[in-house]
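Chains A and B supply the protein sequences, listed in that same order. The opening residue of the first sequence carries number 1 in this note's numbering; numbering runs sequentially from there. The opening residue of the second sequence carries number 1 in this note's numbering; numbering runs sequentially from there.
FYI, nobody ran anything at the bench for these hints, they're computed from the structure. Treat the hints loosely; a few may be bogus.
One copy or two, it doesn't matter: identical chains are merged, so the pair holds either way.
[Claimed, not checked] Derived SDA-like pairs: lysine to any residue, alpha-carbon spacing no greater than 20 Å straight-line:
1. Lys185 / Ser80
2. Lys314 / Ser51
3. Lys171 / Lys204
4. Lys299 / Ala118
5. Lys122 / Ser150
6. Lys300 / Met75
7. Lys185 / Thr37
8. Lys333 / Asn116
9. Lys333 / Glu70
10. Lys314 / Ser80
11. Lys333 / Thr67
12. Lys115 / Ser332
13. Lys115 / Asn105
14. Lys314 / Gly283
15. Lys314 / Leu181
16. Lys314 / Arg50
17. Lys122 / Lys300
18. Lys314 / Gln48
19. Lys333 / His282
20. Lys185 / Glu128
21. Lys122 / Tyr262
22. Lys201 / Asp164
23. Lys299 / Met75
24. Lys333 / Gly69
25. Lys28 / Thr225
26. Lys25 / Gly87
Number of protein chains: 2
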Amino acid sequence: MTFFKEVHSHGPGMSRLGELYFNGKVVKTPTFMPVATKGSVKGLTMGQVRSTGAGIVLGNTYHLHLTAGEDSVNMHGGLSEFTGWDGPMLTDSGGFQVFSLAGINSINEDGVWFKNPANGDKVFLSPEISMQIQHKLGADIIMAFDDVVSLATEKRHRTLEAMDRTHRWLKRSIDEHNRLLKTSKHRPKLFGIVQGGLDKKLRKQSLEYVQSLPLDGIAIGGLSTGESRSELRSMLDYLAPMYDASRPRYLMGVGHPIDLRYGIDRGIDMFDCVLPTRNARHGAFWQKESGVDVQHSIKKQQFVDELSVLPGSKLLRAQGYSYSYIRHLVRSKEALGGQILSIHNLRYLQEICEEYWRES
Amino acid sequence: MTFFKEVHSHGPGMSRLGELYFNGKVVKTPTFMPVATKGSVKGLTMGQVRSTGAGIVLGNTYHLHLTAGEDSVNMHGGLSEFTGWDGPMLTDSGGFQVFSLAGINSINEDGVWFKNPANGDKVFLSPEISMQIQHKLGADIIMAFDDVVSLATEKRHRTLEAMDRTHRWLKRSIDEHNRLLKTSKHRPKLFGIVQGGLDKKLRKQSLEYVQSLPLDGIAIGGLSTGESRSELRSMLDYLAPMYDASRPRYLMGVGHPIDLRYGIDRGIDMFDCVLPTRNARHGAFWQKESGVDVQHSIKKQQFVDELSVLPGSKLLRAQGYSYSYIRHLVRSKEALGGQILSIHNLRYLQEICEEYWRES
Chain A
1 MTFFKEVHSH GPGMSRLGEL YFNGKVVKTP TFMPVATKGS VKGLTMGQVR
51 STGAGIVLGN TYHLHLTAGE DSVNMHGGLS EFTGWDGPML TDSGGFQVFS
101 LAGINSINED GVWFKNPANG DKVFLSPEIS MQIQHKLGAD IIMAFDDVVS
151 LATEKRHRTL EAMDRTHRWL KRSIDEHNRL LKTSKHRPKL FGIVQGGLDK
201 KLRKQSLEYV QSLPLDGIAI GGLSTGESRS ELRSMLDYLA PMYDASRPRY
251 LMGVGHPIDL RYGIDRGIDM FDCVLPTRNA RHGAFWQKES GVDVQHSIKK
301 QQFVDELSVL PGSKLLRAQG YSYSYIRHLV RSKEALGGQI LSIHNLRYLQ
351 EICEEYWRES
Chain B
1 MTFFKEVHSH GPGMSRLGEL YFNGKVVKTP TFMPVATKGS VKGLTMGQVR
51 STGAGIVLGN TYHLHLTAGE DSVNMHGGLS EFTGWDGPML TDSGGFQVFS
101 LAGINSINED GVWFKNPANG DKVFLSPEIS MQIQHKLGAD IIMAFDDVVS
151 LATEKRHRTL EAMDRTHRWL KRSIDEHNRL LKTSKHRPKL FGIVQGGLDK
201 KLRKQSLEYV QSLPLDGIAI GGLSTGESRS ELRSMLDYLA PMYDASRPRY
251 LMGVGHPIDL RYGIDRGIDM FDCVLPTRNA RHGAFWQKES GVDVQHSIKK
301 QQFVDELSVL PGSKLLRAQG YSYSYIRHLV RSKEALGGQI LSIHNLRYLQ
351 EICEEYWRES
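Isolated chain A, as found in the complex:
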């Protein structure tokens, strides 16, 4: 059964339109996936998230494992049933969170021991366990367990080691995934993750390796972790001509409008990031001014008497909400302010994706 179809391409390494198929449901790409960290896009109902045009929602394996627990989610019938998202979901592998959020006790070839921040318990995660959790969570797309090196830290010397381990763990992820598929009615798609930091030789090696394996999709991991915008762009430029056409490409952790456009123009199909919703809760929103994506803070004095309506807010109320009212809410620490801006920002990113369809 076809999982991904390239519908239109502007040529190798350039933007393309595609379709992802999930049991009769179609998601058009490029697409931005809102993040429901613990099974909720913060402050929003899934109906509201749907209204922004989102097609896939992401859940975090690390957070769901440590809070609700995969057994509870499974008892509900999986993440979509649990959260009320009427569509496909993707879970990450937990790798990124383990390496960025948790206090790590030890990493070895087998997996990672880390500390549960909530209670100090020691928790173990490995490629096999991550696959087991993700299968139980019932996501439609699951991610291989990877060893992630933040580009913001001084650990860049770990790049080669982490890439090699990510490759070995990818094999184990595939094996465990296939083993689980034998006894499961649930048929998630597995994506492999390309690592290699900012080293182009390593990235090429990693991409070629990941693309040589029988995976359903290709993810670019380890970016958007502290590098400069020009470093990110240079890497996207470099990788663009090397993707094969048959599989979807997912750039992990990217969510700024400017980077989204750049990624799509370099052949990326899928994106996720907490930026549109996290920034919104602090009052930040995007709008297009003279063709450029500009980020504003609603808290600024310029919005105090601005009676015109924030475009995305019409998804929550037909007449919309004024900048002035939203400013008042955010400054008064009223949750609705962040909710309105979250909806606006999520819609802003989907608009960018939809533009590519309109212009094709």
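Start from chain A and add chain B according to the hints.
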């Protein structure tokens, strides 16, 4: 033009059904008014609030004056336009908040000087200023400025003084209201407030005084401020036979299901309270068990694997949300948990009100 009509009564001092008329819009009573403190029922859109069956929403003059400011609200066309509430709104006078929340600098016959908690500024509120602010806020029902004595404090000796001052301030509220009406297209209804603490002689005197004046409605103030449930009940019993039939009666600050039922059975038409939404944000919700209103905490272990659906949650998602999922959200400090429980609790109170119509 008729403002209130008694549609059906079970007899003097007993429950009754009524209708409030606002420029063609009808609100059936008894009714519970959700509180939009600063122009937002915390975490909810007004569309969601509407879905619970609410007919009137309350805004707090004190908070709106100190945050958004009445001029900004007025520029939008009033509170309903500002907040997106498609229906009538009521504002309190600020009296209760000034006396319970603010650091008071001085009270005298003229009014109250208090400290703005946000910046320490000295702010003055008087009957005249409260009327001016409420007219600018554009509410459909406004409240007289009163001197409130909390029953939880040791200031009960102030009861007589505060009642007398409330009466004098009521006269000034009416005069200022009438003066403002002369030059205004906006025609809010003015309610007077009965004070007198737990002293029945004073309460009778206050009720008779307030009812002798040309007011559109009668509010019972200063209760639900620290007295016991039996003290509250005894006072409601006592006052019930003394209300005149032609005007709506509003019991301020009451929002527990048990007290709501008791109030309705003693002839009360309108209620407001932050309890259903504030409690919800801490995980508390109501449900009927063997005919009794029971309050639960969703955080309890008993809900961990409870896959059945919380009734009120169906207003947010047709299939509803499981107790288990809501528990997970609240425990994980996800705002959606409090939002779901807020909707459920608000619906729970409207259900109580609607029962009286069904049973009539």
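Verification of the supplied hints:
1. For a Cα distance limit of 20 Å, the shortest separation of Lys185 from Ser80 inside one copy, 16 Å, qualifies, whereas the shortest one across copies, 52 Å, does not.
2. Taking identical chains as interchangeable, the C-alpha atoms of Lys314 and Ser51 lie at most 20 Å apart whether they share a chain (10 Å) or sit on different chains (18 Å).
3. Proximity of Lys171 to Lys204 under the C-alpha cut-off of 20 Å is restricted to the intra-copy arrangement: shortest distance 18 Å within a copy versus 83 Å between copies.
4. Taking the shortest Cα distances, Lys299 and Ala118 sit within 20 Å of each other only across copies (16 Å), while inside one copy they are farther apart (33 Å).
5. When the C-alpha separation of Lys122 and Ser150 is checked against a cutoff of 20 Å, the pair qualifies neither within a copy, at 22 Å, nor between copies, at 50 Å.
6. For a Cα distance limit of 20 Å, the shortest separation of Lys300 from Met75 across copies, 19 Å, qualifies, whereas the shortest one inside one copy, 46 Å, does not.
7. Proximity of Lys185 to Thr37 under the C-alpha cut-off of 20 Å is found in neither arrangement, the shortest distances being 26 Å within a copy and 50 Å between copies.
8. Proximity of Lys333 to Asn116 under the C-alpha cut-off of 20 Å is restricted to the inter-copy arrangement: shortest distance 16 Å between copies versus 30 Å within a copy.
9. Taking the shortest Cα distances, Lys333 and Glu70 sit within 20 Å of each other only across copies (18 Å), while inside one copy they are farther apart (33 Å).
10. With identical chains, the CA atoms of Lys314 and Ser80 are at most 20 Å apart between copies only, with a shortest distance of 16 Å across copies and 26 Å within one.
11. In this assembly of identical chains, Lys333 and Thr67 lie within 20 Å of each other by CA distance solely across copies; the values are 11 Å between and 26 Å within a copy.
12. In this homomeric assembly, Lys115 and Ser332 come within 20 Å of each other (Cα to Cα) only across copies, at 17 Å, whereas the closest approach inside a single copy is 36 Å.
13. In this homomeric assembly, Lys115 and Asn105 come within 20 Å of each other (Cα to Cα) only inside a single copy, at 7 Å, whereas the closest approach across copies is 51 Å.
14. When the C-alpha separation of Lys314 and Gly283 is checked against a cutoff of 20 Å, the pair qualifies only within one copy, where the shortest distance is 17 Å, while the shortest distance between copies is 30 Å.
15. Proximity of Lys314 to Leu181 under the C-alpha cut-off of 20 Å is found in neither arrangement, the shortest distances being 43 Å within a copy and 34 Å between copies.
16. Taking the shortest alpha-carbon separations for Lys314 and Arg50, both the intra-copy value of 14 Å and the inter-copy value of 17 Å come in at or below 20 Å.
17. For the homomeric pair Lys122 and Lys300, neither the shortest alpha-carbon distance inside one copy (45 Å) nor that between copies (25 Å) is at most 20 Å.
18. Taking identical chains as interchangeable, the C-alpha atoms of Lys314 and Gln48 lie at most 20 Å apart whether they share a chain (11 Å) or sit on different chains (15 Å).
19. In the homo-oligomer, the alpha carbons of Lys333 and His282 lie at most 20 Å apart both inside one protomer (9 Å) and across protomers (17 Å), since each shortest distance falls under that limit.
20. For the identical chains of this complex, Lys185 and Glu128 are intra-copy neighbours only, at 19 Å inside a copy versus 71 Å across copies, given an alpha-carbon limit of 20 Å.
21. Within a single copy, Lys122 and Tyr262 get their C-alpha atoms no closer than 40 Å, and across copies no closer than 53 Å, so neither meets the 20 Å cut-off.
22. In the homo-oligomer, the alpha carbons of Lys201 and Asp164 lie at most 20 Å apart inside one protomer (13 Å), although the nearest pairing across protomers, at 85 Å, exceeds that limit.
23. Taking identical chains as interchangeable, the C-alpha atoms of Lys299 and Met75 lie at most 20 Å apart only when they sit on different chains, with a minimum of 19 Å there against 43 Å within one chain.
24. With identical chains, the CA atoms of Lys333 and Gly69 are at most 20 Å apart between copies only, with a shortest distance of 15 Å across copies and 31 Å within one.
25. Taking the closest pair of Cα atoms, Lys28 and Thr225 never come within 20 Å of each other, the shortest separation being 27 Å inside a single copy and 56 Å across copies.
26. In this assembly of identical chains, the alpha carbons of Lys25 and Gly87 lie at most 20 Å apart only when taken from the same copy (7 Å versus 39 Å across copies).
Hints 5, 7, 15, 17, 21 and 25 from the list above are not met by this structure, while the remaining hints are.
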